[in-house]
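Engineer: Construct all of the structure, not just a fragment, from the sequences and the given hints.
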Amino acid sequence: MAARVVETGRQPRARVMDLLIAATAHAHGAAVYTRNAEDLAGLEDLITIHTI
Numbered sequence: 001m002a003a004r005v006v007e008t009g010r011q012p013r014a015r016v017m018d019l020l021i022a023a024t025a026h027a028h029g030a031a032v033y034t035r036n037a038e039d040l041a042g043l044e045d046l047i048t049i050h051t052i
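Throughout the sequence shown, residue numbering follows my numbering, covering 1 to 52 in sequence.
Worth flagging that the hints you see were computed from the coordinates, not collected in a lab. Heads up, some of the hints might be wrong.
Claimed, not checked - Ranges between beta-carbon positions, derived for each pair:
{"hint": "1", "residue 1": "Arg10", "residue 2": "Thr51", "range": "16 to 22 Å"}
{"hint": "2", "residue 1": "Gly29", "residue 2": "Gly9", "range": "23 to 29 Å"}
{"hint": "3", "residue 1": "Leu46", "residue 2": "Gln11", "range": "14 to 20 Å"}
{"hint": "4", "residue 1": "Ile52", "residue 2": "Val6", "range": "14 to 20 Å"}
The beta carbon of each residue, even a glycine, is placed where N, CA and C say it ideally should be.
Structural biologist: So, in structure tokens, the structure goes:
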């Protein structure tokens, strides 16, 4: 997850909690529901993101 964030030109340290949530969802095959999908930009091909 962190490598993917770096590929998009963003800093993984600033997004550590978002990455933890994304990694947990990925490990369990779960979708992520969020108010701010921009926080998970670049991870769309790894997890399913739903904006609420």
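Engineer: For each hint, tell me whether it holds in the structure or not.
Structural biologist: To see whether the hints hold, each was checked on the structure:
no., hint, result
1, Arg10 with Thr51: 16 to 22 Å, "holds (18 Å)"
2, Gly29 with Gly9: 23 to 29 Å, "holds (28 Å)"
3, Leu46 with Gln11: 14 to 20 Å, "holds (18 Å)"
4, Ile52 with Val6: 14 to 20 Å, "violated (27 Å)"
Going down the numbered hints, you'll see the structure goes against just number 4.
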